[in-house]
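*Asks:* Heads up: the protein sequence lines correspond to chains A and B, in order.
With our numbering as the guide, the letters of the first sequence map in order to residues 1 to 500.
With our numbering as the guide, the letters of the second sequence map in order to residues 1001 to 1320.
The hints are simulated quantities; they were obtained by calculation from the structure and are not laboratory data.
Positions of the beta carbon are idealized from the N, C-alpha and C atoms, including for glycine.
Any given hint could be a false lead.
Just some of the chain B residues that point at chain A, by a computed CB distance under 8 Å [unchecked claim]:
1) A1147
2) G1232
3) A1305
Each computed DSBU-like pair below joins lysine-lysine, with the alpha-carbon atoms no more than 35 Å apart [stated by the list, open to error]:
4) B:K1109 <-> A:K437
5) B:K1127 <-> A:K366
6) A:K51 <-> B:K1200
7) A:K318 <-> A:K500
8) A:K262 <-> A:K409
9) B:K1244 <-> A:K51
10) B:K1127 <-> A:K437
11) A:K411 <-> A:K483
12) A:K224 <-> B:K1200
13) B:K1128 <-> A:K224
The following label-pair restraints were derived from C-beta to C-beta distances [what the hints assert, rightly or not]:
14) B:Q1063 <-> A:I218: 32 to 38 Å
15) B:E1210 <-> A:F362: 37 to 43 Å
16) A:L476 <-> B:M1228: 35 to 41 Å
17) A:P39 <-> B:G1259: 32 to 38 Å
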Amino acid sequence: MQFLKSRFNYLFTTTKGLILVAIAMIALETAIWGMLSGPMAEMGVREIVIKALGMKIVQAEREGRIIILYHSIAMAVVAIETYMITGLLTMREFYKKAVRVLITVGYLMAMIFGMGFAYFGHNWAFHGLYITGLALIFFAGVLLTIALNPWDPAYRLPSPAGRGAGGEGDYARTQSGIDLERAAFFTTALTTVISAIFGAVPGSYFGNGFEVFLAENIIRLPEKTTMEYSVIGHLHIMLALIAIMITLIIGRWLNFRGLLHKIAMPLMILGCIVLNLGVWGVVTPLEPVAHMIIYVGATPSMLAALLLLIWSWSTLIKEGTAHLARPTFLQKLGALLRDPLKFGPTWQMLFMNFTTSGVGIFMAIKLDDIFRLWPAREERIELTGHWHALSAIIATIILMYYGDMIGLKGKIRQVYGWAIIFLSDIALGAVTVFEMKRLFISEAEQQPLVNGLMYAIDSGLGMLLLLLAIVMVWRLIDLFKPKGRWTEEATHELAEEVAK
Amino acid sequence: MKRIISVLSLRAKRSNPLSHLKTSFLAALILLVTTLLASCAPVDLNPPVPVYDTGVDPNAWVQIPAGEFYFGQHNEIETTDAYEIMVTDVTVAQYVDFLNAALADGTVKISGEYAVGFYPGDPFHGKKHELRIDPGDYPFVPLNDPASRFTFDGQHFAVRPGWENHPMTNVSWFGAWAYCGYYGWRLPTELEWEKAARGKDTRPFPWGEEITRQHANFYASRDPFEDMSSYGSLTTPVGFYNGKSYDGFQTVNAASPYGLYDMAGNVWQWVGDVQPQEGFSDRLMHGGSRNTYDMDLRIWVRNSAPPMYYGPAVGFRCGR
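Required output: the full structure, derived from the provided sequences and hints.
*Replies:* Structure representation (structure tokens):
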């Protein structure tokens, strides 16, 4: 009994245990449902999985199933970010516990009962429990926002006078001592909660009659209802907010500080607010100019991420060459690359500009000249590829932080880190070329290129999933050891492990 | 062996982050180069294909009665008047006959790289992304596209041998509209197309609830006209999925309740609706194609493109 109790306590009451459970749940879901699409479908694996698991697939309900699938994975990712935030930032113990309990129960309910409802016949009790799960996550978000209140005197940063490097004076703060990094976390949490409503309201409206749709399928129709605009706004902003939040989390983990921190945090807050106003504006008469507001908002947010990158890379170089009087370029490069788990997250943020931001901006600029002259299905490929790539990049950043969190060291750390970077970048680079292939190859001539890209995508993502599976199996075996790594993890909070 | 192991372990001990990076980078580079090399293989756009007589008459029409039917994914009840619609897509042979006749009487002209013809234009509302389509000559088919299943020698159009009974592709919406109009017919509306495909119930596919590789030509459906290692999935002759066996490839009779063939897969089909929404200048297509996954073969799935677009997986049939 004690055996189970101690493991349960680790998995469901400690930060690292909770993160492990959420990653394992995502890995399991990805492994099973990944077999229903892509190369697995062509190889006939899909049919075997459907029969073996007793799934009930109704053709007309594909879009609804996919929406529940996306939400169940996204909720687990939001839970992971929440665990990280509650582990990294100081907050009252009541809020920390309440937020964690609510979001854990919420995402597990949303995942288990949502997928049960969507893929295994329509058990309406499951649907109710799925909605309850989502509601609990929403409530956890509200509590988290309250917990992050930057105006609370307990969380103010004292005057910088008399403090050395790495002290609280090195962080962005207002004259009155408000911690601007905490304010950025607060702003992102608050706007996430509000933006969730933009999905919840049309979700209830359409879900009532199950008239679901995928946004990419109606993108060209000039007349959209307010509810349809709301769904489009929701899906765009939620992913952007998850990306902003992981940037803040990585900044906190790496102990982002100094002048660039002082510039970046106000930019992050400003960008997040303007970005949200633009997206929310999609459902108002501001719709015609909403995109312009979004661009205006995205710019400071991305600039803040760039400042984090500059600070992080220069810190890695400084630390890695501290013992050298006049380091050469190669020595500096070696220092930058010596720890893939510290270098990787910001590198992935940079790489995102190739797979996501760059593609998105190019499409926006050339929409009428190029992309709207092609069939809508081509545009669909570009849109879905675009946000799948962003989601995958966020996932790799989480995995890299997780690798550090569980104390990977030496060669394993190198292999784990570089494998994530190379495999994901090859796969996502290929996805980007696949999205844009019509720019340089005709439909009639595309098959060899498509085959090559598919090999790159499938092998990259496949090996990445294999790596994840190995880590999960290792963690499972570890749980059976009386003095396994888990016992050590149970006693360390993320805030204690922030880089000095 | 011992020496090799000791050298390797010595190297491992001496290894620094850059050497790990180098190894990983090399592995990634090899993978990338292999991928790129495999991707650069030239494609024979007109490979030799088997010739099959499906026994389905491309000149046949079917009567669809007036009345209600279930439209779209969410089964809205809609109504049409009675109409007739072609049993199959317009074939390459039929379209080439049209091109030659229309070229001879001046309906079709040659302009640069295209066979063009007059279109009276669309209403224009100045909406965001709306394409202005004024009265004028517009491209029907490209003349020199190697993926076309016809040739043009400067005076005469001819079918590439073996493709006679395949659906006409590389034809713009203007070209499809002109073909139907030339014979006094018209493109079916979206409502008419869906009704003809679906009949009176809520089935997702013309033949029923489920789809297999024997029902239709779609991406990686392994029909005799497919080679995924080179040219990919090509069109099948019209009416191919009719229950016959072709050199061992057994098909299911996949006709719609009204007896139409290829209403799912093979080629997307242009429908006739102009500006179904104000400012929407694209033209709709239905049916999915040889180049799309089975999900796009569901009856209600829409695709769209500007009316001048043409592609190797887009065709049409007429109504009247």
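*Asks:* Now look at each hint and say whether the structure bears it out.
*Replies:* Taking the hints in turn, this is what the structure says about them:
no.: 1; hint: A1147; in the structure: holds (4 Å)
no.: 2; hint: G1232; in the structure: holds (3 Å)
no.: 3; hint: A1305; in the structure: holds (4 Å)
no.: 4; hint: B:K1109 <-> A:K437; in the structure: holds (32 Å)
no.: 5; hint: B:K1127 <-> A:K366; in the structure: holds (17 Å)
no.: 6; hint: A:K51 <-> B:K1200; in the structure: holds (29 Å)
no.: 7; hint: A:K318 <-> A:K500; in the structure: holds (14 Å)
no.: 8; hint: A:K262 <-> A:K409; in the structure: holds (32 Å)
no.: 9; hint: B:K1244 <-> A:K51; in the structure: holds (28 Å)
no.: 10; hint: B:K1127 <-> A:K437; in the structure: holds (29 Å)
no.: 11; hint: A:K411 <-> A:K483; in the structure: holds (23 Å)
no.: 12; hint: A:K224 <-> B:K1200; in the structure: holds (29 Å)
no.: 13; hint: B:K1128 <-> A:K224; in the structure: holds (13 Å)
no.: 14; hint: B:Q1063 <-> A:I218: 32 to 38 Å; in the structure: holds (34 Å)
no.: 15; hint: B:E1210 <-> A:F362: 37 to 43 Å; in the structure: holds (40 Å)
no.: 16; hint: A:L476 <-> B:M1228: 35 to 41 Å; in the structure: holds (38 Å)
no.: 17; hint: A:P39 <-> B:G1259: 32 to 38 Å; in the structure: holds (36 Å)
In this structure, none of the earlier numbered hints is contradicted; all agree with it.
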